[in-house]
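**Student:** Here is what each chain is made of, one letter per residue.
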Amino acid sequence: MNVLLNDMAEQEKLNQFIARIEAGEKIEADDWMPEDYRGTLIKLISMHGISEIMGALPEKEWVPKAPTLNRKLGIMAKVQDEMGHGQLLLRVAEDLLKPYNKKRDDLMQDLFKGDLKFHNVFHMEAKTWGDAGLIGWLVDGAAIISQTNMLGASYGPYARALLRICAEEVFHAQHGEAIIMALAEGTEEQRKLVQDSINYWWESLLLFFGPPSKKEVGSSKQDVTIKYRIRTSTNEELRQAFFSKYVKRILSLGYTIPDETLRFDKESETWIYQQPDWGKLKVYARNEGPLSQERLSLRRISYENNKWVREALAPKVI
Amino acid sequence: MGNDSLKDIAIKELLLHLADDDFIHSYRGAEWLGLAPHIEEDVASSSIAQDTMGHAAIYYKLLEEIGVGNADQLAHDRPAKERRNAIILEVVNGPGYYMKDPEYDWAFAVVRNYFYTQAKAIKLQSLHTSSYEPLAEVAQKVQMELYYHLMHWKMWFVQLLGSGHEEAVSRMKAAIEKTLQDFAGVFSLGQYGEEMVELGLIEGEADLQKKWIEAVSPIFESVGLATTFEIRMAKGDGRNGKHTEDLEKALETLSEVYASDKAASW
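Line by line, the protein sequences give chains H and Y.
Once you know that position 259 of the first sequence is 259 in the numbering used here, the rest is easy, because the numbers rise by one and skip nothing.
Here the numbering used here = 1-based position in the second sequence + 318.
Mixed in with the good hints, there may be bad ones.
Per the computed footprint, the stretches of chain Y lying under chain H, defined by three or more beta-carbons under 8 Å from a beta-carbon of chain H, are [to be verified]:
#1 345-353
#2 361-370
#3 384-395
#4 478-489
Treat the hints as calculated values from the structure; they're not laboratory data.
Since the model is a prediction, treat every value here as computed from it, not as a measurement.
All C-beta atoms in this analysis are idealised placements derived from N, C-alpha and C, irrespective of residue type, glycine included.
Work out the full structure, taking the sequences as your base and the hints as a guide.
**Tutor:** Written as structure tokens, this is what we have:
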């Protein structure tokens, strides 16, 4: 009998919750929420947060190497912003983790164990200054498309964090575009840097938005995130928006895209393209991408080396 | 530069000290990016490194304005022997490379940052009344940002030394000793020091160092450290072009892309 009552009470809470989000209300950290809503948010936001932090590493490689004082200042500011986004998002995730008694340190351990994933693009190598520019221009460009899709998220703290993040990402994309423009208008070697970067990153950019449906990699979170009004568009809609925004820009600079089949089909009003190797998403999720282990190793080394600092700062037990 | 007066040379030298110090100090700070003890610190210290690179850029720009050379060229295209930075600022953060196996020492980072930032604040205070007006103006601007940098590093210094944590305290003490070994290089005004003082560009080395000791002594006392300082220049005077392999390697990284095509627009 009690169980039944509990079930009914739970159902009632759930109904109210669904009614709230359907009315466009924001859910706050201390509000009641269904477990799979909380779980979905934790996965999404901690992955987003840790990706910002891991994403600082490939760009960090180019911070000292940036070729002029202004470029050095620009990329330093950008990478610092990314770290700031990571911090902001991890704080949002930490609030959600409270009922499970988990903290920042647990997220770091999850990262090291491979339970907490980071975005596919940050497993890749940033080999040249062209890559540093392209990351800003197209990777951040893709991120803006995927993140503005969640600006209306039903979870208030995430929506508010995204508002600030997206505003800064626009600057990052402009910073990247400025680097690419300078190279595109430069010498033959400089121009080639950009083409090589496009060729290297193209598949990763398509993978970035996730598979169109469950069938490509066996699972997809997009249905549940749409159901809970965390996002509005599907992965495929976002990828199409990316093509619409960038294909023309890339071609107008005189560059080619490494996909001969890519075309806009007027009848269906969609971009037709060569499907990327979706299996790579699983490879990266297992931390078996080109630089997955190197990047994780950097974080592990710093975690180990700074153990004494954490201990020294820890509150004293009296 | 053959017809330069002694005054021109003194101004140029002083600007190079300031620019080169901040340039290499910012680099050592940027190497820590993503490796700091926690994410909040990564955000804070990368902001400080960025400010510091901004200060270097201001000084290189002043040099450009008086015809010494293009600011980017001055920053990226001068060999180690032409650099004027203090040697302590070029010393590596620890074994390894910033992209591979960086075994960096946070205690050394905190001590060097705190000591240098305090010394920089004292120099800037002195530059407020510099007879070279462009520098006096710039000093005001830079000092506003420095206030926060100093607060930040002082806090770390006091927290770690006052933590009662054995390893933290012993690491910090070792870092203090290591830093002081070469810290006189920061106050050195190099071979044109006398002219700089006579021309009223900046106060003399001994005065700067004395003010630094006065500034850090209460902090040392607050964490129970003795205030008898032996400040040395064990590896030599960077102001006169003496440098180590650490600087050469850093410059290779800092100018890698620039050097791939010096004539190109980046």
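**Student:** Now tell me if each hint is right for this structure.
**Tutor:** Evaluated hints:
1. With 6 residues bearing a CB less than 8 Å from a CB of chain H, the stretch 345-353 of chain Y meets the requirement of three and the coverage assertion stands.
2. Under the rule that three or more residues need a Cβ within less than 8 Å of chain H, the assignment of the stretch 361-370 of chain Y holds, with 5 such residues.
3. With 4 residues having a beta carbon nearer than 8 Å to a beta carbon of chain H, the stretch 384-395 of chain Y meets the requirement of three or more and the stated coverage holds.
4. Look at the stretch 478-489 of chain Y against chain H: 7 of its residues bring a Cβ nearer than 8 Å to a Cβ of that chain, three or more, so the hint holds.
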